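Q: Chain residues, written in single-letter form:
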Amino acid sequence: MYEKLWMNQGPAARLLLVLALLVGLCACTGAGIWLAWSAAAPESAEIEAAATSTPLPEPTPLPTIPLTGTLTVHFCDVGQGDAILLQGPDFTLLIDAGRHDRNDVLPYLRSVGVERLDLLVGTHPHADHIGQFPQVLEALPVGEVWLSGDEHTSLTYERALDAILASEAGYHEPRAGEVFLFGSARVEVLHPERLTGRLHDGSISLRIVFGEVAILLTGDAEASAESEMIARGYPLRSQVFKLGHHGSSTSNSAPFLAAVSPEVAIYSAGLGNSYGHPHAEVIERLGAARIPVYGTDRYGAIRVITDGRQIVIETERGRADTLPGEGLAAGGQTR
Amino acid sequence: MSAYRLWPWARGKGLRALGRSQGCGRQAGAPQRPDSDQAPPPEQAPSVPERAVVDRIVDGAFAVLLVGEAESERIEPVDLLPEGTVAGDWLRVRYRGDALVEATPDAEATDQARERIAAKLALLRRRGSRAQRDEG
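Quick note, the sequences are listed as chains A and B, same order.
Here my numbering is used: the first residue of the first sequence is 1, the next is one more, and so on.
Here my numbering is used: the first residue of the second sequence is 336, the next is one more, and so on.
Only chain A is shown next, with the shape it has when bound in the complex (with noise of 0.2 Å):
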């Protein structure tokens, strides 16, 4: 039938025919490149909104485990060193524990009816990190060890190997974008994703997401680590934070501040300590910010209660005077 449509036509009108065949050609070209594009790119009013809001990451999804009881966060008083607690309804975490040349570690947890641990992490290999290792290890049932992989040559690093190799946890050096799951808390690992040999820098950084809420721990993390996470588009935004490093203006460098944009932050430092921690330019950023700010040398420890959606502060002790930007009300804190 097309041939004799063609053979039927004088030169004009095989041109005609030409020409028509390709301008239809080139409209279903033209429509399809059109709905391609239109599938993919976003409208002009999603790019009005992109330009005007934060260009911070969303946050990670819920995890759709359900919920059932709090998660209470200690951020133990330890005198110039780390100790953090996740105790959760079904998970028990801990995140460094302690300094070397003090025994608070595993009386507190003993306090708090700890009887084992589902996780125990050593961010970096300091000994105002990882000092209470062996005490712990020898004392509780721990699931698993996570240290940053970093070599130390301390006798204290030594000892915690010892522990760790003595005891039945597994072992683990975790990298940016693990997530893991323990119990109903979803284990974010934000840092390190490589090894530079800058103990402070490889710090184990973590994203621990409890039902809506969000707790962030870097170690000693400085400012080029906070940097590489930024840079790395991880969620960040956590409501709980925990001051880098014990509030050194070596870390929390305003933009990481802002990427996390927590509701309240927490520092982890000795009352008089030879490093001026926590920094006034930090605290004075908090207080800009107007960031609540709570720190264990002036409340002793402290415990941030949560049931996934609502957080509820905590203090042992009442402040022994005023930071810029200090947390509102010393003790039984409600937000």
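The set of hints was computed from the structure by calculation and includes no laboratory data.
Treat the numbers as computed from the prediction; the structure is a model and nothing was measured.
From the three backbone atoms N, C-alpha and C, an ideal C-beta is built for every residue, glycine too.
Do not take every clue at face value.
[Stated by the list, open to error] Under 10 Å between C-beta atoms, here's a sample of chain B residues computed to sit facing chain A:
1) S407
2) V413
3) D424
4) Y430
5) L458
6) R465
[As the list claims (entries may be wrong)] Beyond 12 Å from chain B on every Cβ pair, some chain A residues (computed):
7) Q87
8) H129
9) V213
10) L271
[Unchecked claim] Now the in silico label distances, taken between C-beta atoms and shown as ranges:
11) A:A280 with B:S464: 55 to 61 Å
12) A:E263 with B:A380: 54 to 60 Å
13) A:S274 with B:A405: 15 to 21 Å
14) A:G113 with B:R468: 24 to 30 Å
15) B:G471 with A:G69: 42 to 48 Å
Starting from the structure of chain A, add chain B where the hints point.
A: Chain B only, in chain A's frame:
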């Protein structure tokens, strides 16, 4: 072997810079006494040399030394340590009272600790993780 020697009355009186000015890995010797109205405390014999490890450098200014078998913590200005000292280095140190009067690098102790600990970490790494990954 290099060492830095500082007098106890020199601490906090500007001799930190003098210690530095002696250069890398050289005997600092007896620094000049700074101008001061205060008489130096009575002379006290320095401690016997002890091993110490630099656990960490804090805020680029302070070196945290863990001294002896018990790893007693001593915080010293970074400038008092031999130039080039980094975290993880082992030293031989002597104190007069609370004052660090000598710090000498101990490369042998550093290497031994590094090898010993690397072997332990290698053993640990063979163990593997048991945690549940979120594959969702």
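Q: Now, for every hint given, state plainly whether the structure supports it.
A: Hints, one by one, checked against the model:
1. S407: At about 7 Å, which falls below the 10 Å cut-off, the nearest Cβ of chain A leaves the hint on S407 (chain B) intact, so it holds.
2. V413: 12 Å, violated
3. D424: Result: holds, 8 Å to nearest chain A Cβ.
4. Y430: 17 Å, violated
5. L458: 6 Å, holds
6. R465: OK, holds: R465 (chain B) within 10 Å of chain A, min 4 Å.
7. Q87: 18 Å, holds
8. H129: At roughly 10 Å from the nearest Cβ of chain B, H129 (chain A) sits no farther out than 12 Å, so the non-interface label is violated.
9. V213: 17 Å, holds
10. L271: 15 Å, holds
11. A:A280 with B:S464: 55 to 61 Å: 41 Å, violated
12. A:E263 with B:A380: 54 to 60 Å: 57 Å, holds
13. A:S274 with B:A405: 15 to 21 Å: Since S274 (chain A) and A405 (chain B) have Cβ atoms about 19 Å apart, the given range 15 to 21 Å holds.
14. A:G113 with B:R468: 24 to 30 Å: 29 Å, holds
15. B:G471 with A:G69: 42 to 48 Å: With Cβ atoms ~22 Å apart, the hint is violated.
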